[in-house]
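On the provided structure of chain A, position chains B, C and D as indicated by the hints.
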Amino acid sequence: MNPKIYKLPFFENLLNLTVLALLALLCLFPILHILALSFSSATAASSGKVAILPVEFTAQSYQFVLENVAFAKSFLISLQRVLVGVPVNMLLTILVAYPLSRSQAEFRARGFFAWFFVITILFSGGLIPWYMVIRQTGLIDKFWALILPGALPVFNVILLANSFRTIPKELEEAAAMDGAGHWTILFRILLPMSLPVLATLTLFVAVSHWNQWFDGLILMNSPDKYPLQSYLQTVVVNPDPRMLTERDLGLLKVISNRTTRAAQIFIAMIPILLIYPFLQRYFTTGIKLGSVKG
Amino acid sequence: MRTRISGTKRLSTLTALFLISILILTSCSSPTPTAPPPAAGQAEHSTDIYEGLNLVVPNRYDPPIEMSSVTSVDATVKFLEGDDIHNNIWTRTYASLLGINLRYDWVVDASMYDQKLGLSVNSGDIPDMFVVDSAQFLTYYEAGLLADLTDAYEAEASDATRDILSQDPIAMKVATIDGKLLGIPLTDASVTSASVLWIRQDWLDRLGIPAPTSMADVLEISRRFTEEDPDGDGVDDTIGLAVTKDLFGAIASLQGFFNGYHAYPGIWFERDGSIVYGSVQPEMRDALLALQKMYADGQIDREFGVKDINQVTETISQGECGMEFGVWWNPYHPLNLSQANDPDAYWQAYAIPSIDETPAKSQYTSAIASFLVVREGYEHPEALIRMVNFWTDNIVRSQDDNVRNLFLGNLDNPDVVLYKYTPVVLWEPTAGIKTGRQLREALAKRDPTGLNREALWRYRIMQAYFEQGTKEAWVEVATNGPNGSVVILEDVLGDRGLMNRFYGMPTPAMAEKMPTLSTMESEMITKIIMGEPIDQFDRFVETWHQMGGAEITEEVNQWAASNP
Amino acid sequence: MVLSKRFAREIPLYIMLAPAVVLVLIYSYAPMVGIVMAFQRVLPGKGIFGSPWVGIENFIFVAKMPTILQVVWNTIRIAGLKAIFGVVVPVSVALMLNNVTSHLFKRTVQTIIYLPHFLSWIIMAGILVDILSPSEGIVNQMLGAVGIQPIFFLGDDKIFPWTMVFTDVWKSFGFGTIIYLAALTDIDPTLYEAAVVDGATRWQQTLHITLPGISGTIIMLSTLSLGNILNAGFDQIFNLYSPLVYSTGDIIDTLVFRTGIINNQYGIATAVGLLKSVVSLLLIGTAYKLAAMWADYRLF
Amino acid sequence: MLAKREQPLMHPSHLPLILLGTAITLYGLITALVGSWLSNQAMRGLITPGEYRSQLASFEQAAGLIAGILFFALFILCAVHSSGIVRVAFSIGALASLAPLLVSRAETLLFEVIGLPTMSAGSVLAGAVTTLVFALPLTILFILLASGRRIPKVIRWLSLLSILVVLAISIYPIYVTILAFLLKPGDPAVGRMIEISSQIIKLRFLLPGISFLLLSLISARYARTYALAQVDAIETA
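Here the protein sequences come in this chain order: A, B, C and D.
So that you can map any letter, position 280 of the first sequence is 280 in this note's numbering, and since no number is skipped, the others follow by simple counting.
So that you can map any letter, position 225 of the second sequence is 225 in this note's numbering, and since no number is skipped, the others follow by simple counting.
So that you can map any letter, position 174 of the third sequence is 174 in this note's numbering, and since no number is skipped, the others follow by simple counting.
So that you can map any letter, position 47 of the fourth sequence is 47 in this note's numbering, and since no number is skipped, the others follow by simple counting.
Chain A on its own, in the form it takes in the complex:
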């Protein structure tokens, strides 16, 4: 496309750029602020001197957080969860996406299965039955409780199926001529051709696994099995002072140290920040096929 067309008059352009810059700042600022808080002294933080630069710089908060076994534990659990959960998700996604991407002619039950999976997005039996099932299958308090119940991200299946169908049929037909079966077509032709999509989905499920908090909170039988986000949830909540007795004093003193909270929040962000460059590389691809299909 011809850049001339896009040239804005100087002032409009300037205005445009400033507004955008401000928006970017708006998104960046809170994160910087938290970072600054986490490196500031507690007194500076509580007296509200901290903006986006640390005041009375100190790494104490981080020292506390890192000395905190519970935090470290839950951090590892979250990592483990990502490492195990992502492959499972991806494998199932691929295996389901392929049949659903076939034409009605090729796979007559396609429509049925399509709805079979989509319904699960629309309906759920509620927390109790869900919990009971997981308990019946003996997963309560087990690591796999964080993996199996959500093993099939249906929406991703749809994305992948769609992208499969954007791949020219000719290739498959040619392969089929040479007697290639479904497995061959899937693994030899489709997958290699949809690497960017796969990459996107992988990163997405990784992020979502990292960000899950509710299931950990409900399904684990002891705090030392909480994934990081669940742990953070319990850290962020404050006790209801109406129920305080003198014996809760210790608790009162533990909660809500602003800088330490900031440190924990920031550490929880780090993995996201690390994979973020990759995320955004594949981002557009992922989005396009996700929503603006055809």
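Just so you know, the hints here were simulated from the structure itself, not pulled from any lab data.
Among the hints, a few may not be true.
[Claimed, not checked] Pairs of lysine-lysine, DSSO-like flavour, derived with a Cα cap of 27 angstroms: (1) Lys64(C) with Lys169(A); (2) Lys180(B) with Lys158(C); (3) Lys158(C) with Lys276(C); (4) Lys5(C) with Lys513(B); (5) Lys276(C) with Lys293(B); (6) Lys445(B) with Lys434(B); (7) Lys527(B) with Lys513(B); (8) Lys184(D) with Lys202(D); (9) Lys513(B) with Lys64(C); (10) Lys527(B) with Lys158(C); (11) Lys513(B) with Lys158(C); (12) Lys202(D) with Lys445(B); (13) Lys73(A) with Lys142(A).
[Unchecked claim] One side of the interface only, derived from the structure: several residues of chain B facing chain A at Cβ under 10 angstroms: (14) Tyr104; (15) Val107; (16) Val108; (17) Asp109; (18) Ala110; (19) Met112; (20) Gln115; (21) Lys116; (22) Leu119; (23) Ser123; (24) Gly124; (25) Asp125; (26) Ile209; (27) Thr213; (28) Ala216; (29) Asn310.
Idealized CB from N, CA, C, for every residue including glycine.
Showing chains B, C and D alone in chain A's frame:
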């Protein structure tokens, strides 16, 4: 009793304290939730620790019985080296002395307990013995999940148990439905929820204000604290009265303020023959108007509507506020923080003054909020009674320091609070007041003989305050010392208190409608204080009655008729 | 013969589906049995099979709940506002970005604005609670600096919904922006050239070429968001609300959670949940149809 | 010769030293008595802790002011009436007269005027500072006296003793308080130490005062022999 000690421990710098609390935080964990009950081996091996302690031990189950339970830990629960929630002095003791293998099916963060209990009970996982709050107590009783403990109690309850449960007149009543004893109430001192008036004495002295004798004085003090720079730093940075967004509670509460106007928000009390709800009584009006004026004059934090307990704590520790209504132990936290920043800070407790000639009554509510219950169909309901006996006979009143150190916690290691590992913890309702009296007598005589180790330490601390000017020891003086807050509690127990007349299980309408009504109530109060016209209150009273208040009152009166 | 052959060819497909089908049956379909609780008085411990049937009593109770209408309205209001701003903001930003010539700048801005999308609401809550605090929050300090009284973003029931909307848009507009940018790049540049030849101003270009060019996407996304009108964002509100703002901030999902898990009234909770699912199903169906009609969007 | 080596502390008169000793002793006595009387009242609950604090403070400030000035004057006087190392010693000792001024003013000075961090142990720190302001100059004073060659043996030994006493009574209470509140809260052993130190702290000013008195008396005796020796010297000349 970690918390009391922590009052003095506060001396160490806040960072150090946070480090400690982090350490505590780290250890609130348990390796395997379904860990096997302490093996016989451990039991034998550990029996020698009971040598030389004269413990009253009920007949032991032989062979040992299994008992499953559930529990929660909070950030403060800390363990001794090698112990955890599944294997500690209590599990070992139950196993080796009582022959009860207590096993926790799950252990969750305290904030998750109710939800987790609901989930597991509703999905059929019912522990043999567990702790419930009043609402759950009723729900589970109606569902027929709770065993009838009447016979077991009659047969096995020890004298100490009976005595402690009788000290709180309502204890047994609440735990009994349809003539059946369905749970053991976890007793504590009810009166400790009564408010006292805390004032920065050093500020009073600096401004030369006499001690308050009426609510009028309180308003005056609030005004002068706001306008006259009581902290003498030449900056206009002080407010009159600390209030949190929760309005009521243990710290910076309005309860005491209302009581001063003979208004008793949130509780039920008798008025001309029938039981009425405090928050909708005319007395509220004047109190609200007064608060409204204080807010308008900047005597109440303009942001109190969102300031949670931690932010108010901040205000207090920064010395921006010199008056609050709170419970007797406030000096341990948060008031100690203001003295930490300003060595001369001293908060003096005053009984709630009155707006007129009739002395004000301080309101309080039964401390019995939860019960130990046994699953219907569990083979050994009496096992719970035996555990309770073990606690009441041996620990709760023990003057034997070795026993206390072994089962409650050791003052040398104040962060490890041993009794937090067992759900069977019944505090003696009058214990705190007794200790206070002993201490004051000891001080007057200058003779600490007869005090147990913990009390003796409090005595020494006060001695350090009076005889070597260690002002950090004020926390102990302001509570257990002469003219301390505990003295006021004695009067509250006398004729200067008003106990919530309703102490039963939530009535049907209450369970259904009270949450909404309470939300309305706190909104109404907050908004009026922040300046909305007072007829908001009249409107609230109307809607309150329409939206179920009348119905609830009806039910409460019926209940009261059958529970004189 | 032919049939069996076709079937033989389909066997691998079934094998592929098998594991997923099993898992979904167990963890998604089995729990749906629980929907019957909507018609039971659920007794703790008795579970689905032991509890007595009460017909539609629960639904009647729900209908009678003093707060229910309020809650539904809160939900629709918040979700609706989110939907609207969730379209307007990204579109405008996309258009603006589209006019940026410097690729470096464009890239940087993009990179930054969709970072928040990847942070969990737990982390977000942590950040927001801190920066929005009226006493020590940086936002109110800035407002104070220009002489504005502190605003109780999370504590004032008049402001709370807007806080929710704004923070949600803040978290997700970067994401939307990318979609529209993608759509923009699909517009045939020759159209612009033609327009320039006809001497169309920038504004006219935007009006007659750019917007029509992405209208498909806009319509589609907004119609689809209609299906979510009953999802005002549990994660966000659950972690940010307080009794102080129930009057405007309590939404269906949070209500369900409180009645069910905290107040132990599972029958009622399930009833509300069921109602919600049904309504959203209808909405989603409609939305899907509309999207198919206007934007020729098809899930499969 | 002998007489020449051993000189008295003061000449011509020991009055200043005697006065100094008496002043410090009296101050020590009065403060100790008033202090324990007040704390008695408070511990019996006859006066509120608030009243106790304000009365104690106002008394200590008044008494401290007088005592401070008086001490200073007397120290200087001693310096004037002495010579050589003794003079140096007393001039340094004069610094100790700041201590009474500091009592119950130290906190304001340290944390508000100077603005040191209280470390949540303000009164302990303040107490420590006050005691040291008193103890250090005196220690130096006594060290100098003890090391002065021309000073009579007895006096030197006595000074040496006084050093230990001064140090002990000033350090011990601080040590105990830190144990009790920071290191070993709850330790019964520490509890007993509090008992003891709360008695010892009363001697903070008393004992040094007494040792000054002793010094002056002993030295006065030397003064006589010294004077005689000089007279002899003149006569023989």
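Each hint tested on the structure:
1. Lys64(C) with Lys169(A): 57 angstroms, violated
2. Lys180(B) with Lys158(C): 49 angstroms, violated
3. Lys158(C) with Lys276(C): The given pair, whose Cα atoms are some 25 angstroms apart, holds under the 27 angstroms limit.
4. Lys5(C) with Lys513(B): 66 angstroms, violated
5. Lys276(C) with Lys293(B): 46 angstroms, violated
6. Lys445(B) with Lys434(B): 17 angstroms, holds
7. Lys527(B) with Lys513(B): Since the Cα atoms of lysine 527(B) and lysine 513(B) sit roughly 21 angstroms apart, the hinted pair holds (cutoff 27 angstroms).
8. Lys184(D) with Lys202(D): 24 angstroms, holds
9. Lys513(B) with Lys64(C): Holds, at about 11 angstroms.
10. Lys527(B) with Lys158(C): 12 angstroms, holds
11. Lys513(B) with Lys158(C): 24 angstroms, holds
12. Lys202(D) with Lys445(B): At roughly 20 angstroms apart (the allowed maximum being 27 angstroms), lysine 445(B) and lysine 202(D) satisfy the hint.
13. Lys73(A) with Lys142(A): 15 angstroms, holds
14. Tyr104: With a minimum Cβ separation of about 9 angstroms from chain A (threshold 10 angstroms), the hint on tyrosine 104(B) holds.
15. Val107: This hint holds: valine 107(B) lies near chain A, its Cβ roughly 5 angstroms from the closest one there, short of 10 angstroms.
16. Val108: 7 angstroms, holds
17. Asp109: This hint holds: aspartate 109(B) lies near chain A, its Cβ roughly 5 angstroms from the closest one there, short of 10 angstroms.
18. Ala110: 8 angstroms, holds
19. Met112: Given a least distance of 6 angstroms, the restraint on methionine 112(B) holds.
20. Gln115: Check passed: Cβ of glutamine 115(B) comes within 7 angstroms of chain A, closer than 10 angstroms.
21. Lys116: 8 angstroms, holds
22. Leu119: Status holds, d = 5 angstroms.
23. Ser123: Result: holds, 4 angstroms to nearest chain A Cβ.
24. Gly124: 8 angstroms, holds
25. Asp125: 7 angstroms, holds
26. Ile209: 29 angstroms, violated
27. Thr213: 28 angstroms, violated
28. Ala216: 28 angstroms, violated
29. Asn310: 5 angstroms, holds
Of the numbered hints given earlier, the model fails hints 1, 2, 4, 5, 26, 27 and 28; all others are met.
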